[in-house]
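Engineer: Here are the chains, one letter per residue:
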Amino acid sequence: MTLALKQLTRQFTELAALDDVSLDIEPGEFIALVGPSGSGKTTLLRILAGLDYPDRGTVMLNGRDFLAANARERNVGLVFQHYALFRHLSVRENIAFGLRVRPRKRRPPRADIRTRVDDLLKRVQLDGLGDRYPSQLSGGQRQRVALARALAVEPEILLLDEPFGALDAQVRTALRRWLRELHEDLGLTTVFVTHDQEEALELADRLVVMNRGRIEQVGSPQEVYQAPATPFVCEFIGRTNKVALRRDGDAWRAGAWSIPGPGTAGSAVAYIRPEHLALAAADGGPGWDAQLRHIYLAGSVAHLDVHVAELDLSLEVDMASDQLGGLAPGALLRVAPLHGVAFADDCTRWAWGTGLA
Amino acid sequence: MTMVHRRRRASTPRRLGRLALIVATCAFLCLFLLVPLASVFVEAWRQGAHAFLESIDDPDALAAIRLTLFVALVSVPLNVVFGVAAAWAMTRFTFRGKALLGALIDLPLSVSPVVSGLLFVLMFGAQGWFGPWLAAHGINIIFAVPGLVLATIFITLPFVARELIPLMQAQGTEEEEAARVLGASGWQTFFRVTLPNIRWALLYGVLLSNARAMGEFGAVSVVSGHIRGLTTTMPLEVEMRYNEYNYVGAFAIASLLALLALVTLAVKAALEWRFHADTDVVAAARRRGT
Amino acid sequence: MRRRVLPGFGLSLGYTLTWLCLVVLLPLAALAWKASGIGFEGVARLFTSPRTLSALKLSFGGALLAAMANVVIGLVVTWALVRYRFPGRRLLDALIDLPFALPTAVAGIALTAIYAPNGWLGQWLVPLGIKVAYTPLGVLLAMVFVGFPFVVRTLQPVLQSLERDVEEAAESLGATGAQTFLRVILPTLVPTLLTGFALSLARGVGEYGSVIFIAGNIPNRSEIAPLLIVQRLEEFDYATASALGIVMLAFSLLLLVLVATLQRWTRRWAEPAT
Numbered sequence: 001m002t003l004a005l006k007q008l009t010r011q012f013t014e015l016a017a018l019d020d021v022s023l024d025i026e027p028g029e030f031i032a033l034v035g036p037s038g039s040g041k042t043t044l045l046r047i048l049a050g051l052d053y054p055d056r057g058t059v060m061l062n063g064r065d066f067l068a069a070n071a072r073e074r075n076v077g078l079v080f081q082h083y084a085l086f087r088h089l090s091v092r093e094n095i096a097f098g099l100r101v102r103p104r105k106r107r108p109p110r111a112d113i114r115t116r117v118d119d120l121l122k123r124v125q126l127d128g129l130g131d132r133y134p135s136q137l138s139g140g141q142r143q144r145v146a147l148a149r150a151l152a153v154e155p156e157i158l159l160l161d162e163p164f165g166a167l168d169a170q171v172r173t174a175l176r177r178w179l180r181e182l183h184e185d186l187g188l189t190t191v192f193v194t195h196d197q198e199e200a201l202e203l204a205d206r207l208v209v210m211n212r213g214r215i216e217q218v219g220s221p222q223e224v225y226q227a228p229a230t231p232f233v234c235e236f237i238g239r240t241n242k243v244a245l246r247r248d249g250d251a252w253r254a255g256a257w258s259i260p261g262p263g264t265a266g267s268a269v270a271y272i273r274p275e276h277l278a279l280a281a282a283d284g285g286p287g288w289d290a291q292l293r294h295i296y297l298a299g300s301v302a303h304l305d306v307h308v309a310e311l312d313l314s315l316e317v318d319m320a321s322d323q324l325g326g327l328a329p330g331a332l333l334r335v336a337p338l339h340g341v342a343f344a345d346d347c348t349r350w351a352w353g354t355g356l357a
Numbered sequence: 001m002t003m004v005h006r007r008r009r010a011s012t013p014r015r016l017g018r019l020a021l022i023v024a025t026c027a028f029l030c031l032f033l034l035v036p037l038a039s040v041f042v043e044a045w046r047q048g049a050h051a052f053l054e055s056i057d058d059p060d061a062l063a064a065i066r067l068t069l070f071v072a073l074v075s076v077p078l079n080v081v082f083g084v085a086a087a088w089a090m091t092r093f094t095f096r097g098k099a100l101l102g103a104l105i106d107l108p109l110s111v112s113p114v115v116s117g118l119l120f121v122l123m124f125g126a127q128g129w130f131g132p133w134l135a136a137h138g139i140n141i142i143f144a145v146p147g148l149v150l151a152t153i154f155i156t157l158p159f160v161a162r163e164l165i166p167l168m169q170a171q172g173t174e175e176e177e178a179a180r181v182l183g184a185s186g187w188q189t190f191f192r193v194t195l196p197n198i199r200w201a202l203l204y205g206v207l208l209s210n211a212r213a214m215g216e217f218g219a220v221s222v223v224s225g226h227i228r229g230l231t232t233t234m235p236l237e238v239e240m241r242y243n244e245y246n247y248v249g250a251f252a253i254a255s256l257l258a259l260l261a262l263v264t265l266a267v268k269a270a271l272e273w274r275f276h277a278d279t280d281v282v283a284a285a286r287r288r289g290t
Numbered sequence: 001m002r003r004r005v006l007p008g009f010g011l012s013l014g015y016t017l018t019w020l021c022l023v024v025l026l027p028l029a030a031l032a033w034k035a036s037g038i039g040f041e042g043v044a045r046l047f048t049s050p051r052t053l054s055a056l057k058l059s060f061g062g063a064l065l066a067a068m069a070n071v072v073i074g075l076v077v078t079w080a081l082v083r084y085r086f087p088g089r090r091l092l093d094a095l096i097d098l099p100f101a102l103p104t105a106v107a108g109i110a111l112t113a114i115y116a117p118n119g120w121l122g123q124w125l126v127p128l129g130i131k132v133a134y135t136p137l138g139v140l141l142a143m144v145f146v147g148f149p150f151v152v153r154t155l156q157p158v159l160q161s162l163e164r165d166v167e168e169a170a171e172s173l174g175a176t177g178a179q180t181f182l183r184v185i186l187p188t189l190v191p192t193l194l195t196g197f198a199l200s201l202a203r204g205v206g207e208y209g210s211v212i213f214i215a216g217n218i219p220n221r222s223e224i225a226p227l228l229i230v231q232r233l234e235e236f237d238y239a240t241a242s243a244l245g246i247v248m249l250a251f252s253l254l255l256l257v258l259v260a261t262l263q264r265w266t267r268r269w270a271e272p273a274t
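Residue numbers (this note's numbering), protein chains in the order written: chain A, 1 to 357; chain B, 1 to 290; chain C, 1 to 274.
Derived from the structure by calculation, the hints contain no laboratory data.
Be a bit skeptical, because a hint or two may be false.
[As the list claims (entries may be wrong)] When the alpha-carbon atoms are kept at most 25 Å apart in a straight line, the in silico DMTMM-like pairs for lysine to aspartate or glutamate are as follows:
hint: 1; chain 1: B; residue 1: K268; chain 2: C; residue 2: D93
hint: 2; chain 1: C; residue 1: K131; chain 2: B; residue 2: E244
hint: 3; chain 1: B; residue 1: K98; chain 2: A; residue 2: D52
hint: 4; chain 1: B; residue 1: K268; chain 2: C; residue 2: D97
hint: 5; chain 1: B; residue 1: K98; chain 2: A; residue 2: D55
[To be verified] Ranges of calculated distance between the beta carbons of each label pair, as one might list FRET restraints:
hint: 6; chain 1: A; residue 1: W178; chain 2: C; residue 2: F181; range: 48 to 56 Å
hint: 7; chain 1: C; residue 1: A29; chain 2: B; residue 2: P13; range: 53 to 61 Å
hint: 8; chain 1: A; residue 1: D24; chain 2: C; residue 2: P187; range: 56 to 64 Å
hint: 9; chain 1: A; residue 1: G28; chain 2: B; residue 2: G97; range: 44 to 52 Å
From the three backbone atoms N, C-alpha and C, an ideal C-beta is built for every residue, glycine too.
Could you put together the complete structure from these sequences and hints?
Structural biologist: See below:
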């Protein structure tokens, strides 16, 4: 049941939507295509759904050519970003649509369709709303109708295009958890597209980070967050501090702080997560002297805006709120990076510091 | 859409200006639209109900009514098929020369009705392209019913397509794509998803092309030959009676046509109200991610 | 070739093109073919005939004047309908389309009946020395009648979508009402007004049914160009008729191109499509 994507390329008039994309999607996996708009993630999803075709490359499902089948033969479930519910049909009729349009031989009897729709309505927690029309539903409800409609045809693969994009924050969080539970329940291979890295980290088994039509990194949320493979992933997934380094003897240096690393000359950039910057009172040790400018309290975590004079650089430092103690803006501190990754300008990547990475 | 009135401290000259504009508009529209409309009915009933009914219950008038209905009955369905096909091609696919095709569809709207009629005389008339061949086979098109139907089809060609194209453009292809992914065939997609979504616009297009088909004068007048009882549609009968100084008779038939126009306008107003509900949903659902 | 996702491309486009060829292109070819038969000399003779010239002048000149009048009338009427709320507004709004819906022959005899010397309005106007029926003024009036919905209906959606906050911004920057209208609103309406103008012009030039009754059709005075075509046809002079026809057709095509260009111009302010 592995879905094997090989060297997919899709050129739009002025930009490459997909540029040599290869990916294996394992059965039962919950996979997120994540990237900024224009990264090609929706194009990839539409190719899987049969709504677009690559200029080059293949998609195989168990050795069978997936691209040879058109959209109606693929047996995929697709949830559109704006749901694309049939306006003139009730919720019940929307869900039953895929069953009713089957050729007579494969069409389930009326009563079966009815029970199936009832089951699905219950599963997506919309029982009692079956006779409403899409225009009478809230955004979250529409989203669940769209999902039920896609599930009704018992697809082999479920595709979701920005499933929570059009919802407000509260509904979004609730639906995320619910969708994850549903996935575990059904064990369906699920591919979803999102531009929201937090959503991808929270939901997916595996992330496919895309940028400008290429795959930047594929990995578990932990891998992608802890060991970003490219500068783009560093900046796109999670928050990060960027510190410019220059070669100094056998080390890379930024002001009073330096790390070992490969290379002999040129410049490099170190990426440091806010939670990987340690604070101490202002006294010696590796790191920079800095001044605390502002504390942004975000519940259990506090984001500290810290200014390093010698680099003329503002850094973001995260710490647990209950560790703040008597810290107040204006305080003089010592900031020490614990670990992170760095990229030389010839794209060499290395991890430094203690711990993971 | 709610229009917020800016009443706050509107200065006196501004208020007067607003009042003047409203009064001028009402006066103009009444004088220019309502008075002619009213005059049709008044003139028709000038000599009482009896004269009115007599001029309609007359073999020539009845023949004209029958012919008008026949012409509309043939040309409108053909326009529906054409309009739907053209709108599907224009809004669901991209291809070279699309803009030119759109202009061609609109062309009959900007051609003088008389020139439209002329086109068919030049094709099928005695000295036309196919004239000699038709004469040799004893087929009459010009100065006969087929000519009337052809001219009407030409004149009303764009009406259905013009209603459908902007709507289908705005609605986009998502619902049809959803239907395809759910396994619907081409015709199932069309009949179960597209058609229900465009039904009001389609109905409105039918209504407009019907009104035009039944009311067309210039083009039809050129190809008709004005043979009473055989090739005179209602508007032509109006003209002939008017030229014979049979004013009541002319206005009696004219009042039937005016009634048709009023019904068309009323249904249009009703449909527009439905359209709004439809297009608002569409407008809200646009915008795509990657 | 790229595979198309939705079905029916060949069927729908094929049917559309076939039908267009049969109903539109073939007849146009016939016109071009026939008109070419008249020769240069024939054209010269045609366009030096005072009667033809006077008819063309009336059709084109009258339509031009009517279109200009319609721009002014249309702007006022649309402004009132879009910006103000008053009793009967919806009814009047629905009535705007009357000249579209009313068969031209009906409009023609109705206008004639009203403005004839003994008509509802004619009996007041004639003693004042204003003769409408059976004069070029009547032709103009009928052209205004059939053309003015074009201006209103092209202008209405644009005026409705005009952001109120732009005007408020102008006001808060210190512009007077007149300045706001002339410098902020009117410039954005110009392409639309021109489109309405061109549509109304095209309709007026080709108009037949509503004009011939009120015109009186006095040679050299109130005859219109389409009427000349009809007369030539009645004399079975197809060549002259088609020469006149092609002149009018060429003019319509010119206006069609103009309208298309104007509409592209209008869209230059539109938000870029995503």
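Engineer: All the hints need checking, so say for each whether the structure fits it.
Structural biologist: Going down the list of hints, with the structure as the test:
Of the pairs offered as hints, the one joining B/K268 and C/D93 holds, with about 11 Å between alpha carbons and a cut-off of 25 Å not exceeded. Between the alpha carbons of C/K131 and B/E244 the distance comes to roughly 23 Å, so the proposed pair stays at or under 25 Å and holds. Of the pairs offered as hints, the one joining B/K98 and A/D52 holds, with about 21 Å between alpha carbons and a cut-off of 25 Å not exceeded. About 10 Å separates the Cα atoms of B/K268 and C/D97, which keeps this hinted pair within 25 Å; it holds.
Among the hinted pairs, B/K98 with A/D55 is consistent with the structure: their alpha-carbon atoms are about 23 Å apart, no more than 25 Å. A hinted range of 48 to 56 Å for the beta carbons of A/W178 and C/F181 is consistent with their spacing of about 54 Å. C/A29 and B/P13 have their C-beta atoms about 60 Å apart, which keeps the hinted 53 to 61 Å range intact. Hint check: A/D24 to C/P187, Cβ distance near 58 Å, so the stated range 56 to 64 Å holds.
Remark: the range hint 44 to 52 Å for A/G28 to B/G97 is upheld by a beta-carbon distance near 48 Å.
Against the hints set out earlier in the document, no violation occurs for any number.
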